[in-house]
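Q: What follows is the residue order along each chain.
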Amino acid sequence: MEGTLNMIGLGLAAIGPGIGIGLIFAAFVSGVARQPEAENKLRSIAILGFVLAEQLFIIGVALAFVL
Amino acid sequence: MIGIPQAISTSEGFTPPGPGDFNLPPVFGSEETFGFLGQSFSTGATKPMFLVVLSAVLVVGLLWASSRHAALVPGRMQFAGEAVYGFVRNGIARDFINEQDRMRFVPFLFTIFTFVLVNNYYGIFPVLQFPSMSRIGYVVALALLSWIVYNAVGIARHGFVGYLKHQTMPGGITGPILLMLVPLEFFSNIIVRPITLTLRLFATMFAGHLLLLVFALGGEYLVFEYSGFIGVIGGIFSWVMAIAISFLEMLIMFLQAYVFTLLTAMYIGLALAEEH
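Which chain is which? The protein sequence lines are A and B, in order. With the working numbering, letter number 4 in the first sequence gets 4, and the count goes up by one each step, no holes. Position in the second sequence counted from 1, then plus 67, gives you the working numbering.
Hints listed in this document are in silico derivations from the structure and should not be mistaken for laboratory results. All values derive from a computational prediction rather than experimental measurement. Any given hint could be a false lead.
Far from chain B by the CB rule (all over 12 Å, computed), these chain A residues [what the hints assert, rightly or not]:
no. : residue
1   : 26
2   : 36
3   : 48
Okay, derived cross-link-like pairs now, SDA-like style, lysine to any residue, Cα gap no bigger than 20 Å in a straight line [to be verified]:
no. : chain 1 : residue 1 : chain 2 : residue 2
4   : A       : 41        : B       : 158
5   : A       : 41        : B       : 153
6   : A       : 41        : B       : 322
7   : A       : 41        : B       : 90
8   : A       : 41        : B       : 156
9   : A       : 41        : B       : 232
10  : B       : 232       : B       : 254
11  : A       : 41        : B       : 169
12  : B       : 232       : B       : 194
13  : A       : 41        : B       : 336
Heads up, the beta-carbon is just placed ideally off N, CA and C, and yes, glycines get one too.
Whole structure, please, built from the sequences with the hints as guidance.
A: In structure tokens:
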């Protein structure tokens with residue numbers, strides 16, 4: 001079997017943002033459950049956090065193909 | 068359509084699709100290729116170029132058709148156009164840009180949103196099926212545009228030195244810690260922002276299209292090349308997965324257009340803000 005170690009590294013790199021994104025949306029869900037009328041305000045904040053956490057993995061994807 | 072990838076079967080078995088599958092052959096123009104960063108690129112006009120032009124035509128045409136017979140009681144088309152516009156203005160711009168500056172930037176944000184959205188949705192649109200944002204050149208241009216805009220409005224508001232101070236020195240911090248903080252803030256606010264903006268949109272479109280290719284071509288290989296009952300079952304399962312992933316992609320494509328616009332709005336809003 002052939003392949004590059006980059007891809008294993010990429011898989012490992014997905015763990016951190018995965019946990020982070022899970023925590024962000026868990027907080028979003030419980031926030032909405034406590035205060036349903038704040039959903040719209042919370043959503044853009046949650047998406048922003050999701051984007052920033054996802055960023056680490058995106059950089060990983062780019063480097064996995066480049067290096 | 069030109070440039071439909073096919074499963075390659077060699078004596079060694081299945082060859083998975085890779086970044087090379089994104090270098091489509093030219094539709095017309097010269098067949099010459101040149102090497103750059105270890106890949107070969109053609110000098111002729113390729114499919115994504117036509118798709119980008121088509122996207123501009125589509126967006127302008129649809130929005131023009133939706134606003135042509137604008138009336139107080141909106142028709143179906145007008146309602147659809149206004150819903151998209153309202154989403155950008157109320158859902159994105161209102162959260163990040165302050166009241167008196169907001170309306171100046173809504174047209175820019177709206178343009179970016181619709182352009183990116185249409186170009187992303189090419190990825191699952193039947194027949195076309197190639198997200199033009201999976202070629203990094205287009206995304207670089209968009210990110211540079213947004214970088215120029217937020218820096219320009221910031222400089223126009225605060226002056227050049229004032230803007231640099233605004234972006235690199237968080238309020239209320241004094242003393243030697245600034246020696247460390249200023250380069251860090253400059254790096255993150257001026258240099259890294261356009262890069263991450265580019266990579267996020269590019270990499271998600273690229274990875275999503277590659278994932279679709281893997282499942283579709285893998286299914287093709289299993290059904291037609293791999294002998295036996297197991298191959299057929301596995302291949303059909305792989306195609307079902309490809310359809311499921313298409314639905315996931317629909318969500319992601321919208322989300323990426325939303326996020327790109329949201330971040331642009333946020334950068335503009337931060338550049339214009341009076342104090343952190």
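Q: Decide, hint by hint, whether the structure agrees.
A: Okay, the hints, checked on the actual structure:
1. 26: With a cut-off of 12 Å, residue 26(A) remains clear of chain B, as the shortest Cβ separation is near 18 Å.
2. 36: Holds: least Cβ distance 18 Å, greater than 12 Å.
3. 48: violated (7 Å)
4. 41(A) with 158(B): Status holds; Cα separation ~9 Å.
5. 41(A) with 153(B): Distance of about 16 Å is within 20 Å: holds.
6. 41(A) with 322(B): This hinted pair holds, its Cα atoms lying about 17 Å apart.
7. 41(A) with 90(B): violated (42 Å)
8. 41(A) with 156(B): holds (14 Å)
9. 41(A) with 232(B): violated (30 Å)
10. 232(B) with 254(B): holds (13 Å)
11. 41(A) with 169(B): holds (18 Å)
12. 232(B) with 194(B): Measuring from Cα to Cα gives roughly 51 Å; hence the hint is violated.
13. 41(A) with 336(B): holds (17 Å)
Consistency with the previously given hints fails for numbers 3, 7, 9, 12, ordered from lowest to highest.
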